[in-house]
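Q: One-letter residues, chain by chain:
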Amino acid sequence: DAGVTQSPTHLIKTRGQHVTLRCSPISGHKSVSWYQQVLGQGPQFIFQYYEKEERGRGNFPDRFSARQFPNYSSELNVNALLLGDSALYLCASSSHPPGTGEETQYFGPGTRLLVL
Amino acid sequence: AQSVTQPDIHITVSEGASLELRCNYSYGATPYLFWYVQSPGQGLQLLLKYFSGDTLVQGIKGFEAEFKRSQSSFNLRKPSVHWSDAAEYFCAVGGAGKSTFGDGTTLTVKP
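Top line first, the protein sequences correspond to chains A and Z. Note that my numbering has the first sequence beginning at 1, numbered continuously upward. Note that my numbering has the second sequence beginning at 117, numbered continuously upward.
By construction, these hints were calculated from the structure, which means they are not laboratory data. Even for Gly, the Cβ is constructed at its ideal location relative to N, Cα and C. Treat the hints with care, as some may be off.
[What the hints assert, rightly or not] Partner residues aside, some chain A positions facing chain Z, computed with beta carbon under 7 Å:
id: 1; residue: Gly42
id: 2; residue: Pro43
id: 3; residue: Phe45
id: 4; residue: Gln48
id: 5; residue: Gly56
id: 6; residue: Ser86
id: 7; residue: Leu90
id: 8; residue: Gly108
id: 9; residue: Pro109
[To be verified] Selected chain Z positions facing chain A (in silico; Cβ < 10 Å):
id: 10; residue: Asn140
id: 11; residue: Phe150
id: 12; residue: Gly157
id: 13; residue: Gly218
So here's chain A without its partners, still in its complex pose (with noise of 0.2 Å):
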């Protein structure tokens, strides 16, 4: 069975820059989280879907936005980059819906991006 696969793999942007960061989940999960990870530090949260519908949000500015798609995949953009959106990209998808206990994320390989 497929895990869970991100586009593109790695990605070089200019500041003011738009990025568009993909995600599919594993088949029949129905939840997406995405997470930063800055060189040299753990991954932060910055969002989470289920259902199509947003179920939690972290600590980033209104320049990060994502939606869920009908066949559970995701987008994560971000407008106007900085040097410091510099980071590998995480999706993590899980077959549980939020707050039910066991919710265990599988992580994908990640997005590599760079701004310039």
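Since chain A is already given, all that's left is putting chain Z on it; use the hints.
A: Here is chain Z on its own, set in the frame of chain A:
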């Protein structure tokens, strides 16, 4: 607010030696706790998790972790380290797809 501290930024052990990676957490209720491993340029692989029940949990690759509520700790252990265990290890708290991660411990394995 929930938080995780991994006090050791970098640990070096010899191959075949035992390993313990420390994790301390802050969480308002009974925590969901996780350990992940990340190889360079890769995503996160789940090693083990604790939700409730037996405080000693077994994971993949021969790892285990012990939940100690009184110490707010969830330390990861392995009795004999292999060279392939060299990687970065992250402890995380909280479920519902909104985990809070520590900043990781980098493990180097000496031959």
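Q: A separate judgement is required for each hint: does it hold in the structure or not?
A: Taking the hints in turn, this is what the structure says about them:
no., hint, in the structure
1, Gly42, "3 Å, holds"
2, Pro43, "5 Å, holds"
3, Phe45, "5 Å, holds"
4, Gln48, "4 Å, holds"
5, Gly56, "5 Å, holds"
6, Ser86, "15 Å, violated"
7, Leu90, "6 Å, holds"
8, Gly108, "5 Å, holds"
9, Pro109, "4 Å, holds"
10, Asn140, "14 Å, violated"
11, Phe150, "8 Å, holds"
12, Gly157, "8 Å, holds"
13, Gly218, "5 Å, holds"
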